[in-house]
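Trainee: Chains L and F supply the protein sequences, listed in that same order.
Heads up, the first sequence is in the working numbering, so the first residue is 1 and it goes up one at a time.
Heads up, the second sequence is in the working numbering, so the first residue is 97 and it goes up one at a time.
Keep in mind the hints are simulated off the structure, nothing from the lab.
None of the values given here were measured: they were computed from a predicted structure.
For glycine and all other residues, C-beta sits at the position ideal for the given N, C-alpha and C.
Don't take every hint at face value.
[To be verified] Cβ-to-Cβ under 7 Å is the rule here; a few derived chain F residues that face chain L:
| hint | residue |
| --- | --- |
| 1 | R190 |
| 2 | D194 |
| 3 | N242 |
| 4 | Y289 |
| 5 | G290 |
| 6 | Y398 |
| 7 | V421 |
| 8 | M433 |
| 9 | K438 |
| 10 | K450 |
| 11 | M454 |
| 12 | K474 |
| 13 | K477 |
| 14 | G529 |
[Unchecked claim] As a list, the in silico DSS-like pairs of lysine-lysine whose alpha-carbon atoms are at most 25 Å apart:
| hint | chain 1 | residue 1 | chain 2 | residue 2 |
| --- | --- | --- | --- | --- |
| 15 | F | K485 | F | K359 |
| 16 | F | K178 | L | K85 |
| 17 | L | K37 | F | K508 |
The residues making up each chain are set out below.
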Amino acid sequence: MAEITKEQVKHVANLARLEVSDEEAEMFTNQLSSIIKFAEQLNEIDTEGIEPTTHVLDLKNVMRKDEPRQWTTREEALKNAPDHKDGQFRVPSILE
Amino acid sequence: MSLFDHSIKEIEAKLHNKEITVSDLVDESYKRIHEVEDEVHAFLTLDEENARRKAKELDATEDTEAKLFGIPAGIKDNIVTKGLRTTCASQFLRNFDDPLYDATVVEKLYAEKIVNIGKLNMDEFAMGSSNENSSFTPTRNPWNTNHVPGGSSGGSAAAVAAGEVLFSLGSDTGGSIRQPAAFCGVVGLKPTYGLVSRFGLVAFASSLDQIGPLTRSVEDNARVLEVIAGHDKMDSTSANVEIPSYTEALTGDVKGLKIAVPKEYLAEGVNPEVKEAILEALKVYESLGATWEEVSLPHSKYAVATYYLLSSSEASANLARFDGVRYGVRSENAENMIDMFKKSRSEGFGEEVKRRIMLGTFALSSGYYDAYYKKAQKVRKLIKNDFDKIFEDYDVVIGPTTPTPAFKVGEKMADPLTMYANDILTIPVNLAGVPGISIPCGFSPEGLPIGLQIIGKHFDESTVYRAAHAYEQATDHHTKRPQIGGAN
Chain L
1 MAEITKEQVK HVANLARLEV SDEEAEMFTN QLSSIIKFAE QLNEIDTEGI
51 EPTTHVLDLK NVMRKDEPRQ WTTREEALKN APDHKDGQFR VPSILE
Chain F
97 MSLFDHSIKE IEAKLHNKEI TVSDLVDESY KRIHEVEDEV HAFLTLDEEN
147 ARRKAKELDA TEDTEAKLFG IPAGIKDNIV TKGLRTTCAS QFLRNFDDPL
197 YDATVVEKLY AEKIVNIGKL NMDEFAMGSS NENSSFTPTR NPWNTNHVPG
247 GSSGGSAAAV AAGEVLFSLG SDTGGSIRQP AAFCGVVGLK PTYGLVSRFG
297 LVAFASSLDQ IGPLTRSVED NARVLEVIAG HDKMDSTSAN VEIPSYTEAL
347 TGDVKGLKIA VPKEYLAEGV NPEVKEAILE ALKVYESLGA TWEEVSLPHS
397 KYAVATYYLL SSSEASANLA RFDGVRYGVR SENAENMIDM FKKSRSEGFG
447 EEVKRRIMLG TFALSSGYYD AYYKKAQKVR KLIKNDFDKI FEDYDVVIGP
497 TTPTPAFKVG EKMADPLTMY ANDILTIPVN LAGVPGISIP CGFSPEGLPI
547 GLQIIGKHFD ESTVYRAAHA YEQATDHHTK RPQIGGAN
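Extracted from the complex, chain L is given alone in its bound form (with noise of 0.2 Å):
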């Protein structure tokens, strides 16, 4: 694939929910080009017909009820939260 753009990095960042100065979109320019050019040696692999990994184990699903049970308090939850109000997170305006 051809180079990473400025453009790219700063609509990453935005999914990211990352906000990145000018010098450090550039930065990021630079650095993920080089290792995804890094990465393209995979390129060199025929995969064809290899199943992707989705465990190393032979793991299958693990099921439980779903019954509720007390495993904190609202108080204790709330207690390293930045800001709260009458037992709720309280963040900043989602509206503009």
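Knowing the structure of chain L, use the given hints to seat chain F on it.
Mentor: Okay, now just chain F, sitting in the frame of chain L:
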């Protein structure tokens, strides 16, 4: 001689005979910490008051039957500890002072009566190979403080090497237990994927992460693994297998053991002094009645690229939880919620963490998923098949843990790819999900430790330990101790 030059078994006997108390052990730990921490920086948080109280409690009890009774230990700071600050060495979590619960491994260690000395330094969110990505003060190598201790469990390895604790827990996603163990001259095991519960381990790459012990001897390592291994209903990826007695496997007998030595593990890029140490170790195995043959892991050269695509993709998803809503440091500068997410994450994460999130988000993004993520998942299968094939004919795979001894602080920070390449010999083990151990097997001319890596079949830690123990008993590398300081 330090009390910590004794094995856990010897200390158990000393406690039993009332030659020493648990308080003596905890004193030894903090005394050593106060002597060396200014140079080593292995700890992020000390829990001295609680540790001393716990020691007194244990000294007052009659029942001393627990497997790790009174043993001072350190826990890597990405393993949550109830009420004890857990930061993952990230500024984002610098105020995470009050985690709600103990990780399953911590619960299991407490049940066997360890004394938790504190939380150990690491690369931020376990991303790094040198501890230089700790957002606090990076750990230094006790053998030479101008060199890195390795990473990401650099604090876990350095604390054991420097005699600050008797053992520690680390986590290993691409070599993060074995590489620092090699650099610091201690024993570090990455168990089979699924053997040890990851409940309470802050997730980095969930298909690769495993918790394991770092110790001064193979026997201590086996003893700690016996305590932390086993199925946990809180971790659906933990395997429901029977846990054998690993210490009983330490017979010293490796007659007839069939060793495979991948030619790729002694190829160009592996430092001559490291290669020499490995060939010497193989002679020791021959003298003990084992045999070895050269084999090939043809896809191992693709492991680094495969690993960085997969682990970064998983990390980009796992680290989405750090949004500044429920815990961690929230940016004060945000105007709305999306802005709050972005600013909190950008201010709280270091450069390497951002780089991996960016790489992973890119590899998973629309239009690139098949070319990068899915391709890497296919190559992962080929890497695993290489190991499966070798294990049809051999008991263990042996090679170096790292291509070089510990590098200098700052040496590899400029170029991410140079740093990533350092993990070439440890990464295939995580991709295949098999167990691997690093044990001391010599020193470079500069006096830096060299690590021997022994890799086994899925859930065959017993054979890995047996092979490691037999070599250890036939050599004296593991008895050497560092003089803390910078020699050059």
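Trainee: A separate judgement is required for each hint: does it hold in the structure or not?
Mentor: Results for each hint:
The criterion of a C-beta within 7 Å of any C-beta in chain L is not met by F:R190, whose closest approach is roughly 12 Å, and the hint is violated. A least Cβ separation of about 6 Å between F:D194 and chain L falls short of the 7 Å threshold, and the interface hint therefore holds. About 27 Å separates the beta-carbon of F:N242 from the nearest beta-carbon of chain L, more than 7 Å, and the hint is not met. For the restraint placing F:Y289 at the interface with chain L, the shortest Cβ-Cβ distance is roughly 5 Å, inside the 7 Å limit, so the hint holds.
The interface hint given for F:G290 is met, as the beta carbon of that residue sits about 5 Å from the closest beta carbon of chain L, less than 7 Å. The beta carbon of F:Y398 is positioned within 7 Å of a beta carbon in chain L (closest approach about 6 Å), and the interface hint is therefore held. Checking F:V421 against chain L: minimum C-beta separation of about 5 Å stays under 7 Å; hint holds. Given the 7 Å rule on beta carbons, the hint for F:M433 holds: about 5 Å separates it from the nearest Cβ of chain L.
Evaluation of the F:K438 hint against chain L yields a held restraint, the C-beta minimum of about 4 Å falling below 7 Å. Interface restraint check for F:K450: the shortest CB-CB distance to chain L comes to about 6 Å, inside 7 Å, so the restraint holds. Satisfaction of the interface hint for F:M454 is found here, the shortest Cβ-Cβ separation to chain L being roughly 6 Å, below the 7 Å cut-off. About 4 Å separates the beta-carbon of F:K474 from the nearest beta-carbon of chain L, less than 7 Å, and the hint is met.
Proximity of F:K477 to chain L holds as hinted, the smallest CB-CB distance being about 5 Å (cut-off 7 Å). With a cut of 7 Å, the hint placing F:G529 at the interface with chain L holds, because the nearest CB-to-CB distance is about 3 Å. Note on F:K485 and F:K359: the hinted pairing holds, with a Cα-Cα distance of about 15 Å set against a maximum of 25 Å. Using a Cα cut-off of 25 Å, the hinted pair F:K178 and L:K85 holds, with the two alpha carbons roughly 24 Å apart.
For a cut-off of 25 Å, the pair hint linking L:K37 to F:K508 stands: about 19 Å separates their Cα positions.
Of the numbered hints stated above, those contradicted by the structure are hints 1 and 3, listed in ascending order.
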